[in-house]
Amino acid sequence: MARVVVDVMPKPEILDPQGKAVTGALGRLGFSGMAVRQGKRFEIEVDGEVTDERLEQVRQAAEMLLANTVIESFDVRVETPIEQATF
Amino acid sequence: MARVVVDVMPKPEILDPQGKAVTGALGRLGFSGMAVRQGKRFEIEVDGEVTDERLEQVRQAAEMLLANTVIESFDVRVETPIEQATF
Amino acid sequence: MAPRIGVVTFPGSLDDSDALRAVRLAGAEPVPLWHANDTLDGVSAVILPGGFSYGDYLRCGAISRFSPVMDELIKAAGAGMPVLGICNGFQILCEAHLLPGALIRNDVRTFVCKDQAMRVESVDTPWSSHFEQGQEITIVLKNGEGGYVADQGTLDRLEGEGRVVFRYLHGNPNGSYRDIAGISNERGNVVGLMPHPEHNVDPLTGPSLDGTAFFTSVLDFLTAKV
Amino acid sequence: MADTVDNALKTPDLGQPWAELGLKPDEYERIREILGRRPTSSELAMYSVMWSEHCSYKSSKVHLRKFSELSQETPIGKLLAGIGENAGVIDVGQGYAVTFKIESHNHPSYVEPYQGAATGVGGIVRDILAMGARPIGVMDPLRFGPLDAPDTARVLPGVVAGVGGYGNCLGLPNIGGEVVFDKTYLGNPLVNALCVGVLRHEDLHLAHATGAGNKVILYGAATGGDGIGGVSVLASETFDADGPAKRPSVQVGDPFMEKLLIECTLEIFQAGIVSGIQDLGGAGLSCATSELASAGDGGMHVDLDLVPLRDSTLSPEEILMSESQERMMAVVEPHNVDAFMKICEKWDVLATVVGEVTDGDRLLIDWHGETVVDVPPRTVAHEGPVYNRPYARPDWQDRVQSDTPESLARPSSGAELAQTVLAMVASPNLCDKSWVTNQYDRYVRGNSVLAQPEDAGMLRIDEETQLGVALATDCNGRFAYLDPYAGAQLALAEAYRNVAVSGARPVAISDCLNFGSPEDPSVMWQFTEAIRGLVDGCKALGTPVTGGNVSFYNQTAETAILPTPVVGVLGVIDDVTKRTPIGFATEGDEVWLLGDTRDELAGSAWAEVAHDHLGGLPPTVDLDHEQRLATTMITGAAAGLWSSAHDLADGGLTQALVESSLRRDVGVTVTLPEGVDPFVYLFSESAGRVLVSLPAGSAAQLQELAAAGQVTATRIGVVGSAGPDAVLTVEDQFSLALSEIRDAWQAPIPAALGV
Ligand SMILES: Nc1ncnc2c1ncn2[C@@H]1O[C@H](COP(=O)(O)OP(=O)(O)O)[C@@H](O)[C@H]1O
Ligand SMILES: [Mg+2]
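Protein sequence lines, in the order shown, are assigned to chains W, G, E and R.
Per this note's numbering, numbering of the first sequence is gapless, rising by one per residue and ending at 87.
Per this note's numbering, numbering of the second sequence is gapless, rising by one per residue and ending at 1087.
Per this note's numbering, numbering of the third sequence is gapless, rising by one per residue and ending at 2226.
Per this note's numbering, numbering of the fourth sequence is gapless, rising by one per residue and ending at 3755.
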């Protein structure tokens, strides 16, 4: 079983109220000079091996469902299992 | 200016209703054998250079604000600028 | 015979019974439709009601948009059938690309339930013809993701073609671009808006009766056609 | 390897972690006695959780019994189900019945405010659903630490978002609640949730498993390791070192799943294919299986291997104790199983036959082909330990009661009174709560006739006949601190009055008793006094207690919360179009005050805001008067007499005037009666009072009604003009622009939460 990650981010020209709020909150907490945009991360456990074909399927799934390409862009990549719960 | 990415995921033992719903929808759309967990991705533009100290700050910010460590784990890393809008 | 107007129930639809009631009070025949059936049951107009279909998980409307009934709806809308998307229904219509743009999280980042003032900007749709151009109305607004966004080109085109149907007044409740509360497609038969006209048809339970005209408008449209 | 019954017989002396599971030595001994051997670890898990305070009510049982001894008759008929069922059921006529209940989810909401509150709503909704009712509304009495405390900024927004996030997604209108601040709630926020549901008489379902051979079906979400932090001691006993260690104590709610569960369950009821049903809440499968079996006429056999799991590493102990949300258990006759499954399929709800009802009287649970539980179910579900905990009136009670507010400096001039009004409306407990309530959908389902900020929430039940119900929840913990007996009665009286003021007849109550540690005799005394107060109160008012909830251990170190017996009163109204709203409506309407005003300022909002003072004796309660006042309000409403009516509570007359004025920005001019002390008249919190307005010329009708009810009625003013220039005037004292009052009233919560 392998893991494919799909990152979905709001397009730069689209309002990102959550990112804006987080940026503001960080400032108030004393973390200065950080500008945040907030998107989504999907971790997909894919049955079987991640062939090019399989990856193409994930790409299609992202295009069709995981991202709304009117307002979001996405990125698909295979991830070598990182450890969960790093902290 | 550099980009730090914070990935926040529901802890594995915690119910992820969103991921569950997405998994179901993918199945109905004919994308079989994919199990999805849904988390958040924060892209942080950090002013100045990303020193160890700066990274530690981001880590603190993640712990304090970006992740709810009761139910989520997170991961901080520096990203070499990828291209926006890959697709 | 009174025109038959369908209301689709998706898993997680909440205001379907209200929409059916509003249709009935307006004098049309309400027809419940089920998302998993690939038929519109011969209705002459369809309402996609409010709610949290599929829990609003992933993105509002993103999963419902692929329900079997939607294929039929997309065809019918293309052929000119009046379609109204209310709140979650509006989100579904955008996800299905029957309407341009998208709805994102409110800029206030909380769910907002309030009696919202808005202006009727277009009476040239089957869902708004009973209003006066420029009329100020009050309609219940309740959602967490009601911020309407689209690129500048799309917004300019919507404005230019008179397709902004409703606009918020006295303060923008959710960060919608250009205070947009509702829009239509090019032909005008498909209308989506965030506020809930179906909650404004009964003096006992709603803050106004301003929702009634949505349903009598379409009833007239359908009756005239027959 | 699981610990089987065989194994338990073979290893009678194996040490077991009963203490870590919260059992007392004698409790563990009793389990051994009941079973005639040591329990298996699965049995130990079941007993420990079912005998916990939360599930067994072991400290409160002896006192709660007094509720069951009350007459089970409401003013409009018999209870169809009372205490002991998931929720009480009241016949409201026309073939309809209504069920409602309050529960607490306090501790989880402190740990994880959003999910704690969300799952609190989810839990109470399933209780109502399990009675066969469609849930039709929720309410949320909430209590937090000081508004300006940093932790309140963490807890409050999370709790509110959780209540809204879950309830809104279920499509249940939120029709009222409370938001109260006090320093004792800082480490112990109270998140109580009420749900009300409606059913036809014939749809009433009780939780019992009858009929040998009937199938036991578990349906809804798959079972995960939620909320079983505690049993990990068992897991670590039975698993290798590398076995599952991490089990979340936090449960995450899936409101979408619950919405499906509701629609699916209602369709199942409609089809008439279920003979018993139970929701899974605290203690999960342990509770559902033992309670269903115990209430039935046979035994039950369950195969744990059939339980669908979210996490395949769960041990049988953990499966039994998991508190995964959004699950239900049904008992279904074999020939109905297919139909049952079909409906579940339609709603995309996972359903699995996990066992069956058996002859005999044992609850048998298997795992991997071996028996891990073999118990008499009653001993798990109903025959838990019962404590007669010591209680004693605290030695500080006299001191507190003799520290009366008489010596506190009082405003005397008109200017000082005006300043006091502004300070009061801008205090956390009296300020505008719409930052909270605007996050709740109060319109969904289209039957909300009244909702916050009205005195009571009111829901239409039948569109044709206009039959409806009204609900209010209340508790003034400050009063309960000064005198828990009177305080509980004041809570009851206030909720009762709020319902009557809306035009509905109060018929029954549910309560949520939030207290500190029962191991502290002072707290236990407060608790027993509160129950005594409620029992006597309910006797006087003729309203049975239909059910409720006890939450103990709301305590930070030595400091307990203010005793907080929250009371929810249900009322019935034949014609909801006759309901009375709180807002002044028409210029020129006469304004009257019903009831008597005494110098009663102990525990008042004024004493808190102006002097941070809490001492003395709370206002007197006169339940006979409350009943007559209620009749006056209901009769007046039915006759269409009132333009508006608003009960007087925290903040007294001024607060009521302010709220009635601000509702629709309509001014008012008040002329104080001859000879009264303006300050006392304006700020006293004497109970049993209502502010009404009525069309000019109907005074005679009011006076007749009041005379019949022996209720004092005093004309105190006239409704003023509406609009941006509206003013609230107390003649000879002060005049304040409503806009100025509104600004002060609206500011505090948004300001404190930085939004
Ligand atoms: N958490 C809450 N959720 C819903 N409604 C609330 C909440 N808190 C307060 N309210 C509503 O706000 C109004 C004012 O509350 P309160 O001052 O406690 O009323 P009263 O004193 O008349 O009981 C009531 O309608 C009440 O139901
Ligand atoms: Mg109150």
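FYI, nobody ran anything at the bench for these hints, they're computed from the structure.
Do not take every clue at face value.
Pairwise CB distance ranges (calculated) [as the list claims (entries may be wrong)]:
| id | chain 1 | residue 1 | chain 2 | residue 2 | range |
| --- | --- | --- | --- | --- | --- |
| 1 | E | R2157 | W | E79 | 55 to 61 angstroms |
| 2 | W | Q60 | R | A3557 | 38 to 44 angstroms |
| 3 | R | G3675 | E | L2025 | 35 to 41 angstroms |
| 4 | W | A25 | E | G2078 | 41 to 47 angstroms |
| 5 | E | D2041 | W | E49 | 57 to 63 angstroms |
| 6 | R | T3586 | E | K2075 | 27 to 33 angstroms |
| 7 | R | H3368 | E | G2078 | 54 to 60 angstroms |
| 8 | R | T3559 | W | R77 | 51 to 57 angstroms |
| 9 | E | K2075 | R | P3146 | 37 to 43 angstroms |
| 10 | G | L1055 | W | A25 | 17 to 23 angstroms |
| 11 | E | M2001 | R | D3359 | 44 to 50 angstroms |
Dumping the calculated SDA-like pairs for lysine to any residue here, alpha-carbon to alpha-carbon at most 20 angstroms [as the list claims (entries may be wrong)]:
| id | chain 1 | residue 1 | chain 2 | residue 2 |
| --- | --- | --- | --- | --- |
| 12 | E | K2114 | R | P3750 |
| 13 | E | K2075 | E | R2004 |
| 14 | W | K40 | G | I1071 |
| 15 | G | K1040 | E | G2160 |
| 16 | W | K20 | W | D52 |
| 17 | R | K3010 | R | R3032 |
| 18 | G | K1011 | R | V3250 |
| 19 | R | K3433 | R | K3342 |
| 20 | R | K3024 | R | R3362 |
| 21 | R | K3342 | E | H2035 |
| 22 | G | K1040 | E | T2110 |
| 23 | E | K2114 | R | E3519 |
| 24 | W | K11 | W | K40 |
| 25 | R | K3433 | E | D2115 |
| 26 | W | K20 | E | R2109 |
| 27 | R | K3078 | R | R3065 |
| 28 | R | K3010 | R | R3037 |
| 29 | R | K3010 | R | G3022 |
| 30 | E | K2114 | R | D3743 |
| 31 | G | K1040 | W | E49 |
Cβ atoms here follow ideal geometry from the backbone N, Cα and C, with glycine treated the same way.
Status of each hint after checking the structure:
1. As the Cβ distance of R2157 of chain E to E79 of chain W is approximately 40 angstroms, the hint placing it in 55 to 61 angstroms is violated.
2. At roughly 58 angstroms, the beta carbons of Q60 of chain W and A3557 of chain R sit outside the given window of 38 to 44 angstroms.
3. The supplied range of 35 to 41 angstroms is broken by G3675 of chain R and L2025 of chain E, whose beta-carbon atoms lie about 54 angstroms from each other.
4. Between A25 of chain W and G2078 of chain E the C-beta distance comes to about 45 angstroms, which sits within the given range of 41 to 47 angstroms.
5. Between D2041 of chain E and E49 of chain W the Cβ separation comes to about 45 angstroms, which falls outside the hinted range of 57 to 63 angstroms.
6. At roughly 53 angstroms, the beta-carbon separation of T3586 of chain R and K2075 of chain E lies outside the given 27 to 33 angstroms, and the hint is violated.
7. Distance hint check for H3368 of chain R and G2078 of chain E: the Cβ-Cβ separation is about 57 angstroms, which falls inside the suggested range of 54 to 60 angstroms.
8. Checked against the hint of 51 to 57 angstroms, the pair T3559 of chain R and R77 of chain W passes, with Cβ atoms roughly 53 angstroms apart.
9. A beta carbon spacing of about 59 angstroms between K2075 of chain E and P3146 of chain R contradicts the range 37 to 43 angstroms that was offered as a hint.
10. Checked against the hint of 17 to 23 angstroms, the pair L1055 of chain G and A25 of chain W passes, with Cβ atoms roughly 19 angstroms apart.
11. Between M2001 of chain E and D3359 of chain R, the C-beta spacing of about 59 angstroms breaks the proposed range 44 to 50 angstroms.
12. A threshold of 20 angstroms between alpha carbons decides the hint, and for K2114 of chain E with P3750 of chain R the separation of about 16 angstroms falls inside it, so the pair holds.
13. For the given pair, K2075 of chain E sits about 18 angstroms from R2004 of chain E by alpha-carbon distance, which is consistent with the 20 angstroms threshold.
14. Between the alpha carbons of K40 of chain W and I1071 of chain G the distance comes to roughly 17 angstroms, so the proposed pair stays at or under 20 angstroms and holds.
15. Restraint check for K1040 of chain G and G2160 of chain E: not satisfied, since their Cα atoms lie roughly 37 angstroms apart, outside the 20 angstroms limit.
16. Taking the CA atoms of K20 of chain W and D52 of chain W, the gap is near 37 angstroms; set against the 20 angstroms cutoff, the hint is violated.
17. This hinted pair checks out: K3010 of chain R and R3032 of chain R have alpha carbons roughly 14 angstroms apart, not beyond 20 angstroms.
18. Our distance criterion of 20 angstroms between C-alpha atoms is met by K1011 of chain G and V3250 of chain R, whose separation comes to about 11 angstroms.
19. Taken as a hint, the K3433 of chain R and K3342 of chain R pair is broken in the structure, with Cα atoms around 45 angstroms apart against an allowance of 20 angstroms.
20. Of the pairs offered as hints, the one joining K3024 of chain R and R3362 of chain R is violated, with about 25 angstroms between alpha carbons and a cut-off of 20 angstroms exceeded.
21. With a CA separation close to 17 angstroms, the supplied pair K3342 of chain R and H2035 of chain E stays within the 20 angstroms bound.
22. At most 20 angstroms may separate the alpha-carbon atoms for a hinted pair to count; K1040 of chain G and T2110 of chain E meet this at roughly 18 angstroms.
23. For the hint pairing K2114 of chain E with E3519 of chain R, the CA-to-CA distance comes to about 46 angstroms; that exceeds 20 angstroms, so the pair is violated.
24. Taking the CA atoms of K11 of chain W and K40 of chain W, the gap is about 12 angstroms. The hint holds against a cut of 20 angstroms.
25. For the suggested pair K3433 of chain R and D2115 of chain E, the alpha carbons sit about 16 angstroms apart, so the restraint of at most 20 angstroms is met.
26. At most 20 angstroms may separate the alpha-carbon atoms for a hinted pair to count; K20 of chain W and R2109 of chain E meet this at roughly 10 angstroms.
27. For the hint linking K3078 of chain R to R3065 of chain R, the alpha-carbon distance of about 19 angstroms falls within 20 angstroms, and the restraint holds.
28. Using a Cα cut-off of 20 angstroms, the hinted pair K3010 of chain R and R3037 of chain R holds, with the two alpha carbons roughly 10 angstroms apart.
29. Proposed proximity of K3010 of chain R and G3022 of chain R is contradicted: the alpha carbons are some 25 angstroms apart, above 20 angstroms.
30. For a cut-off of 20 angstroms, the pair hint linking K2114 of chain E to D3743 of chain R stands: about 19 angstroms separates their Cα positions.
31. Proximity of K1040 of chain G to E49 of chain W is assessed by CA-CA distance (about 26 angstroms); at most 20 angstroms being required, the pair is judged violated.
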